[in-house]
Amino acid sequence: MLAHMIRHSLVKSARVTAWSLATLTASAALATIFFAVSIDVGETMTRSLRSLGANAVAHAGQRHDGPGAPATTTTADWERVRELAKARRADLVELQLRVAMLQGAPTAIVTADSAGLARMTPYWAMNGVRAVAEDECAMGRKLAQATGASIGKSVEVHFEGAARSERYRVTGIFDSGDEDEGRIFVTRAVRPGDARFSYALVSVPGGEPDIDALNASLAAGAAGVELTPLRQVLHGEQAVVGKINLLTGITLLAVLLLSSVGVTAAVLSRVIERRKELALLQAIGARRRSVVAFLLSEGASVGIAAALVGYAVGTGLSQVIVRQVFGVSVTPHVAPFLAATVVSVVIATLAAGIGARRALRMGTAVLLKGE
Amino acid sequence: MVTTQAISVQAVSKIYPGGVHALADVSLEVRQGEWIAIMGPSGSGKTTLLSILNGLDKPTSGQIHVLGTDTHGFGPDDWAVFRRENIGLVFQQFHLIPYLTAVENVMLAQYYHSMPVREQALAALERVQLAGRAHHLPSQLSGGEQQRVCIARALINDPKVVLADEPTGNLDEENEARVLDVFRSLHAEGKTLVVVTHDPEIGCAGERIVALSHGKVSKDTRTAEGERLLSARAVTGEVREHLR
Numbered sequence: 001m002l003a004h005m006i007r008h009s010l011v012k013s014a015r016v017t018a019w020s021l022a023t024l025t026a027s028a029a030l031a032t033i034f035f036a037v038s039i040d041v042g043e044t045m046t047r048s049l050r051s052l053g054a055n056a057v058a059h060a061g062q063r064h065d066g067p068g069a070p071a072t073t074t075t076a077d078w079e080r081v082r083e084l085a086k087a088r089r090a091d092l093v094e095l096q097l098r099v100a101m102l103q104g105a106p107t108a109i110v111t112a113d114s115a116g117l118a119r120m121t122p123y124w125a126m127n128g129v130r131a132v133a134e135d136e137c138a139m140g141r142k143l144a145q146a147t148g149a150s151i152g153k154s155v156e157v158h159f160e161g162a163a164r165s166e167r168y169r170v171t172g173i174f175d176s177g178d179e180d181e182g183r184i185f186v187t188r189a190v191r192p193g194d195a196r197f198s199y200a201l202v203s204v205p206g207g208e209p210d211i212d213a214l215n216a217s218l219a220a221g222a223a224g225v226e227l228t229p230l231r232q233v234l235h236g237e238q239a240v241v242g243k244i245n246l247l248t249g250i251t252l253l254a255v256l257l258l259s260s261v262g263v264t265a266a267v268l269s270r271v272i273e274r275r276k277e278l279a280l281l282q283a284i285g286a287r288r289r290s291v292v293a294f295l296l297s298e299g300a301s302v303g304i305a306a307a308l309v310g311y312a313v314g315t316g317l318s319q320v321i322v323r324q325v326f327g328v329s330v331t332p333h334v335a336p337f338l339a340a341t342v343v344s345v346v347i348a349t350l351a352a353g354i355g356a357r358r359a360l361r362m363g364t365a366v367l368l369k370g371e
Numbered sequence: 001m002v003t004t005q006a007i008s009v010q011a012v013s014k015i016y017p018g019g020v021h022a023l024a025d026v027s028l029e030v031r032q033g034e035w036i037a038i039m040g041p042s043g044s045g046k047t048t049l050l051s052i053l054n055g056l057d058k059p060t061s062g063q064i065h066v067l068g069t070d071t072h073g074f075g076p077d078d079w080a081v082f083r084r085e086n087i088g089l090v091f092q093q094f095h096l097i098p099y100l101t102a103v104e105n106v107m108l109a110q111y112y113h114s115m116p117v118r119e120q121a122l123a124a125l126e127r128v129q130l131a132g133r134a135h136h137l138p139s140q141l142s143g144g145e146q147q148r149v150c151i152a153r154a155l156i157n158d159p160k161v162v163l164a165d166e167p168t169g170n171l172d173e174e175n176e177a178r179v180l181d182v183f184r185s186l187h188a189e190g191k192t193l194v195v196v197t198h199d200p201e202i203g204c205a206g207e208r209i210v211a212l213s214h215g216k217v218s219k220d221t222r223t224a225e226g227e228r229l230l231s232a233r234a235v236t237g238e239v240r241e242h243l244r
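Residue numbers (my numbering), protein chains in the order written: chain W, 1 to 371; chain Y, 1 to 244.
These aren't lab readings, by the way, just hints derived from the structure by calculation.
Hints are not guaranteed to be accurate.
Result set (DSS-like, lysine-lysine): computed pairs, CA atoms no more than 27 Å apart in a straight line [as the list claims (entries may be wrong)]:
id, chain 1, residue 1, chain 2, residue 2
1, Y, Lys219, Y, Lys58
2, Y, Lys216, W, Lys369
3, W, Lys276, Y, Lys58
4, W, Lys369, Y, Lys58
5, Y, Lys160, W, Lys86
With the sequences and hints as input, model every part of the structure.
Right, dumping it as structure tokens:
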């Protein structure tokens, strides 16, 4: 009987029902988009943010050969490291760090693949261009200032034990905000015999847990290296993701608030239209809680219908949005559906609850008076 | 204690906000099975009295007993339960749910009482000669038919008391006669009827006419029908006494 009444009363107030349904559907769709993007795109966003460069450094580890034995540095098996990193979809660029004398002062000279280095350090603020040829170098700003080097000029470095000095033309001077500002980066190929990499910059998809996982995998694989997260970068990424989520969340809340106001206004207008009907229910024996239950069930019915439609619409829209922005598709999840259902049912029942409260305040006798 | 009073109203007053005295110290007794008409000009307090008797409104002071139950301290839910068990309400404006058919409107009263049984609802409509219109919406029924649906709804839970507010106020003569017939049969069954009316014909059909004026009982007279029934009851009483 109740279901029959709800169905017919919703059909009878088609205009108000349609308005409530449309508003709630929009809310449910937005909630679906928000949760779908938060859940499914989290990883995609992190992967996109990985284009910002390395988030960990791999370097030779420490080994203890027995209790009380001094720690010795392990020998890194870079082939193995590359293999294990690849298995976890991590990008890795090995670097060779040597010390040479520049203007009488010991200076770090880092040799790396040019393209790889560019991938790992996109955040460098480069004045000029990166070094590409073997006789070119990029120099950190602090070192450039200390040595008076400038773009286009050459610098001469001397490696201990080498027969002669090496000359590099400075193509760019960069700010990195870290110790690299005191180094020279060259792209010369590592020669046989000095092919021992010192460390590697690693870009691991995900956050710290993923770096820990790769570290564990490197340890298990006896690759001889340890990973150290670049916490500043990681925290920066997390802050970006957090801010995006916060912004989306605030927008969602604002929309939900507006939609609540819209639905409540619609429900209240319907309650006022139907005040005689609700008074009649009490007159023929309905308790107040039965009237409330009737209105809440009516609200919840609209809410559930809106959740179903909203979820479908929201999933479709999130597919389009995510494909446009991230170039990937969204996998349907239960959580966005639950979110859509909760959002629309809660708004609808809250509005119905306010309506019921208003309805029960009206004087039954006055409403049913036959004048 | 078995009471013969269906309704007992003791010194009931109703003052609306703003100081309007709708009822002033009204006292009234209605026997079980009695049919009384409450009459009076507009604003005399007839409908207010009926609303207080059915619990849709509260008196400012005074006591109401219905079927021996002291209703003092009844809340809206107590009244709702009491009404659905004991009182049938008939309204001048019918107050049918517009999106439910005639039979569904009757079943609605069953739903809040116990459980809806379509056959019983159809039988109630049959009683008011509306079985053929059971599946019509109120908008498809005439005023008289709607009022008979309202009466069927009031009777579906077999109430002991029927309270009617201007039941023929919106009806033509033919439908008024039909409604009157239904009331007569209810009276014959022993139901207590309190009917608020402007219509002298309806008033005279009952046993007593209680006239209200400015919120007070100005006259409480027995009708010809009332006198006849009183005599008949007296004779029946004498016969019973004699047989003892």
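TODO: Kindly indicate which numbered hints from before are broken by the structure, ordering the numbers from low to high.
DONE: Those not satisfied come down to hint 5.
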